[in-house]
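J.: Protein chains in written order, with my numbering: chain A, 1 to 88; chain F, 1 to 194.
It cannot be assumed that every hint is accurate.
[Stated by the list, open to error] Label pairs and their calculated CB-CB ranges:
1. S181/F <-> G25/A: 37 to 43 Å
2. S147/F <-> S82/A: 44 to 50 Å
3. L17/F <-> T2/A: 36 to 42 Å
4. L144/F <-> R28/A: 41 to 47 Å
5. G29/A <-> L144/F: 26 to 32 Å
6. F123/F <-> G29/A: 20 to 26 Å
7. T2/A <-> A60/F: 28 to 34 Å
8. F123/F <-> P17/A: 20 to 26 Å
9. F123/F <-> E36/A: 27 to 33 Å
10. F140/F <-> M1/A: 40 to 46 Å
11. D16/A <-> G170/F: 49 to 55 Å
12. P145/F <-> A47/A: 19 to 25 Å
Because the hints were derived from the structure by calculation, they are not lab data.
The C-beta atom is built at its ideal place from N, Cα and C for all residues, glycine as well.
Single-letter residue listing:
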Amino acid sequence: MTRFTAGARVRARAADPDGHTRLPGYARGHIGEVNEVRATWQLPDEAVRGVSRAEPVYAVRFPAAELWGSGSHSVIIDMWESYLEEAP
Amino acid sequence: MSGEHGELPVAARVRRLEERLIAAGLATDAELDGILERVFTSASPVNGAQMVARAWTDPAYRDRLLADGNAAAAELGFGPGTQGYLLKAVENTPTVHNMIVCTLCSCYPTALLGPSPSWYKSFAYRSRAVREPRAVLAEFGLELPDSTEIRVWDANSETRYLVLPLQAEGTDEMGEDELASLVTRNGLIGTASR
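Chain A on its own, in the form it takes in the complex:
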């Protein structure tokens, strides 16, 4: 079982980590909706230090208005589970 399922509202973590990450800066702190579970992949933030930690990865859809304050398109970003927290 994964922590999140399709349709879940999630927030990308706002913290700016010291090291490598694949969480794009423009998504930090923003709320999106889980489209689907992609797979389970090694977390790059740890893999770069030689640490093996596999996590579910989710395709999360963010409305442009949420990311930028305007716009009608949406952006779909892959998120490792630890990049996400539950959104109200």
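We have chain A already, so just place chain F on it with the hints.
T.: Chain F alone, transformed into the frame defined by chain A:
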């Protein structure tokens, strides 16, 4: 970034890295040359176009492509070039247009789209595609009606995207090869209609 690679500092860095890998016994010159040769002789947008043409002519293949891109690529002989990532085809419809970008670097399925164009790697495209895709598409000559929903797919993870463009009207009688010739690399990225 492409074009004048030999003169760029990055080219010197790559050469030094290659030398270190070879000196450390991690790879041989022949292995590295072999990888590059495979990329430049087999990676081509003709491959992606072939998958699109098959999807247009064979609804069952279209369904398989949307369900499992890697398996659909392997069916047409592109399995070896599409290993190591999850291939996801995203389908354009009369009301939805998809485009792909890699905001963190320049990832895309090279085996199916060919070496990426320099603009795909540019900061301008990578930053603007997620922010104002409609304006970017207009600059590519693709004017979409306001009613068309635009979905931008950021290849920030191990997923690689291929856009399945909408088949042009009046091409139902065409064979697969002719249909494939209508599909461009930009169509597979989503910066052209096909």
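J.: State for each hint whether it applies.
T.: Verification of the supplied hints:
Taken as a hint, the range 37 to 43 Å holds for the pair S181/F and G25/A, whose Cβ atoms sit roughly 40 Å apart. Between S147/F and S82/A, the C-beta spacing of about 38 Å breaks the proposed range 44 to 50 Å. Judged by the Cβ atoms, the range 36 to 42 Å given for L17/F and T2/A holds: they are separated by roughly 37 Å. At about 29 Å, the beta-carbon gap between L144/F and R28/A misses the expected band of 41 to 47 Å.
Checked against the hint of 26 to 32 Å, the pair G29/A and L144/F passes, with Cβ atoms roughly 29 Å apart. A C-beta distance of roughly 22 Å is found between F123/F and G29/A, which places it inside the suggested range of 20 to 26 Å. Roughly 30 Å separates the CB atoms of T2/A and A60/F, a value that falls within the hinted 28 to 34 Å. The hinted range of 20 to 26 Å is satisfied by F123/F and P17/A, whose Cβ atoms lie roughly 22 Å apart.
For the pair F123/F and E36/A, the beta carbons lie near 30 Å from each other, so the given range of 27 to 33 Å is met. Separation of F140/F from M1/A is about 43 Å and conforms to the stated range, judged on CB atoms against 40 to 46 Å. Checking the proposed 49 to 55 Å range against D16/A and G170/F shows it holds: the Cβ atoms sit about 52 Å from each other. Evaluation of the 19 to 25 Å hint for P145/F and A47/A yields a failure: the beta carbon distance comes to about 43 Å.
Checked against the numbered hints above, the structure breaks hints 2, 4 and 12 and satisfies the rest.
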